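K.L.:
Sequence:
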Amino acid sequence: MRENPVIVIGGGIAGLTVALRLAPLPVIVIAASPLGRDAATALAQGGIAAALGDDDHPHLHAEDALAAAAGLGDPAVTRRIAEAGPAAIAWLLQQGVGFDLAGNGSEIALGLEAAHSRRRIVHAGGDRTGRRVIDGLIQAVHATPCIDMFQGKVLDLALTADGRVGGVVYRPSQAADAIFLPGRAVVLASGGIGGLYAHTTNPVTAIGTGLALAARAGAVLRDLEFVQFHPTAMAIGQDPMPLATEALRGEGAILVNARGERFMSALPGGELAPRDVVASAVFRQIAAGEAVFLDTRPSLGQTVHRRFPGFSALCASAGLDPASQPIPIRPAAHYHMGGVKVGASGQSTVPGLWACGEVASTGLHGANRLASNSLLEAVVQSEWIAEDIKSHAAPETTCQAPAHRPASPGAAHDSLRRQMDRDVGVLRDAAGLQRAVRNFWFEANEGADAALVALLIAVSAERRRESRGAHQRADHPHLSNTPRHTELTLAQALKSARELAESRIEAMDVFA
Numbered sequence: 001m002r003e004n005p006v007i008v009i010g011g012g013i014a015g016l017t018v019a020l021r022l023a024p025l026p027v028i029v030i031a032a033s034p035l036g037r038d039a040a041t042a043l044a045q046g047g048i049a050a051a052l053g054d055d056d057h058p059h060l061h062a063e064d065a066l067a068a069a070a071g072l073g074d075p076a077v078t079r080r081i082a083e084a085g086p087a088a089i090a091w092l093l094q095q096g097v098g099f100d101l102a103g104n105g106s107e108i109a110l111g112l113e114a115a116h117s118r119r120r121i122v123h124a125g126g127d128r129t130g131r132r133v134i135d136g137l138i139q140a141v142h143a144t145p146c147i148d149m150f151q152g153k154v155l156d157l158a159l160t161a162d163g164r165v166g167g168v169v170y171r172p173s174q175a176a177d178a179i180f181l182p183g184r185a186v187v188l189a190s191g192g193i194g195g196l197y198a199h200t201t202n203p204v205t206a207i208g209t210g211l212a213l214a215a216r217a218g219a220v221l222r223d224l225e226f227v228q229f230h231p232t233a234m235a236i237g238q239d240p241m242p243l244a245t246e247a248l249r250g251e252g253a254i255l256v257n258a259r260g261e262r263f264m265s266a267l268p269g270g271e272l273a274p275r276d277v278v279a280s281a282v283f284r285q286i287a288a289g290e291a292v293f294l295d296t297r298p299s300l301g302q303t304v305h306r307r308f309p310g311f312s313a314l315c316a317s318a319g320l321d322p323a324s325q326p327i328p329i330r331p332a333a334h335y336h337m338g339g340v341k342v343g344a345s346g347q348s349t350v351p352g353l354w355a356c357g358e359v360a361s362t363g364l365h366g367a368n369r370l371a372s373n374s375l376l377e378a379v380v381q382s383e384w385i386a387e388d389i390k391s392h393a394a395p396e397t398t399c400q401a402p403a404h405r406p407a408s409p410g411a412a413h414d415s416l417r418r419q420m421d422r423d424v425g426v427l428r429d430a431a432g433l434q435r436a437v438r439n440f441w442f443e444a445n446e447g448a449d450a451a452l453v454a455l456l457i458a459v460s461a462e463r464r465r466e467s468r469g470a471h472q473r474a475d476h477p478h479l480s481n482t483p484r485h486t487e488l489t490l491a492q493a494l495k496s497a498r499e500l501a502e503s504r505i506e507a508m509d510v511f512a
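For the sequence shown, the positions run 1 to 512 when the working numbering is used.
Hints were generated in silico from the structure; no laboratory data involved. Quick caveat: nothing in here was measured; it's all calculated off a predicted structure. Some hints could be false.
For each label pair, taking beta carbons as the anchor points, the in silico distance ranges come out as [what the hints assert, rightly or not]:
1. Ala-266 x His-478: 19 to 27 Å
2. Ala-491 x Glu-3: 33 to 41 Å
3. Glu-107 x Ser-345: 44 to 52 Å
4. Asp-55 x Glu-446: 27 to 35 Å
5. Arg-297 x Pro-86: 17 to 25 Å
6. Asp-429 x Gly-163: 33 to 41 Å
By construction, the Cβ of each residue, glycine as well, lies at the ideal position given by its N, Cα and C atoms.
Model the full assembly from the supplied sequences, consistent with the hints where possible.
P.N.:
Here it is as structure tokens:
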């Protein structure tokens, strides 16, 4: 094995861009499955946001992102990422990613999505952007000699005597035994948590493994309660649920209930309101017993097949034709705004550990991510992480192989997923959140990653007693006057959960 490699955990856009940016340093990328197969990047339909238009500017992009973030976006981080957007698109072009061109064939075509004030969404292959991007990056990685690809599961982060992350405990696929891989730095790029929910657009294996690894290493986690529910997941009996891209509403598609009522028309922005607003409106319709549909017929008609081939193919797989009938939809867990708290260069609160992409909390998304900012964030942040790691000499202290725990399952069990939907879903309250905390605490004590991450999210959600962005409390419907972050360590979360569990046991003893 190469000496002093940087170990990157995750094979989606975040992991592959970090690996490419780190060249010529030796890099090991550890992915749980073959590249491109289970990465959420491949499912991304919307595109990548960047201020490329003549009528646009990065400061306008930043203003839109801060407005969507509901008071918790970091202005400096947001402006810096927005300013780096055009260069990020240029870098992807250099890696071989081809983007859709406008009618003149010389400029990149720009689409519109919810809460954007300008057309700035860059697509590749219509609504197949994620697939095209990941395919281009995979080719670039295979052509980069300093990058080695490993397949398997990371069981733990290894710490040096002075508390620095100095490697990982890793079990290769098809192997019974785990091995220790030392490294000069570790970058978490492990994706999100949508697989914890019964209704999700994410791979069912996306259970927040990176958050569990960081938490066990002592890292500070931030704003875990902010889970974005995409308002238009296609309710066609698949798990994960296929996504009806927001770009459809950008081109005029509307939301209606079974009675044909366009229930979004009375809300500011209508179908192009921020995602938390649309998801809440759709959820309330469903909670009231209404079926909800996305109707592309008035705006797109037969052109939907040509302009949105991925969406059209998904509809066809369920025996539906969007040119002649509305498509059933519902909200589903889609993106996690919270994550490992990181600084300007992606460094966590634990030395030697960086985080990139959905697993990280950079300050860009705040309480509600602006559409198509996630892929942008990963590409931009990867450059800053690589520069930071390169600026530090390889540590001289070595890391010994730690005793490792048994591997937990790669997906959450059905009862946990149903409870996350019910108690930590679109609309929450104290009774449901406290019930979830107690149940997940008992399971987390058995060492399961899924239960541990579910517990961390539920504890954070119980602590935020207001409604802000993607976090909506039925018992606390109003916005507090002072925006604040929720910061949490594993020790703090377990203490809160234990107190709730013990108070429940004591109450049961009183009434016994």
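K.L.:
A separate judgement is required for each hint: does it hold in the structure or not?
P.N.:
Checked hints:
no. : hint                          : in the structure
1   : Ala-266 x His-478: 19 to 27 Å : holds, 20 Å
2   : Ala-491 x Glu-3: 33 to 41 Å   : holds, 35 Å
3   : Glu-107 x Ser-345: 44 to 52 Å : violated, 33 Å
4   : Asp-55 x Glu-446: 27 to 35 Å  : violated, 56 Å
5   : Arg-297 x Pro-86: 17 to 25 Å  : violated, 36 Å
6   : Asp-429 x Gly-163: 33 to 41 Å : holds, 39 Å
In terms of the numbered hints stated before, the structure departs from hints 3, 4, 5, listed from lowest to highest.
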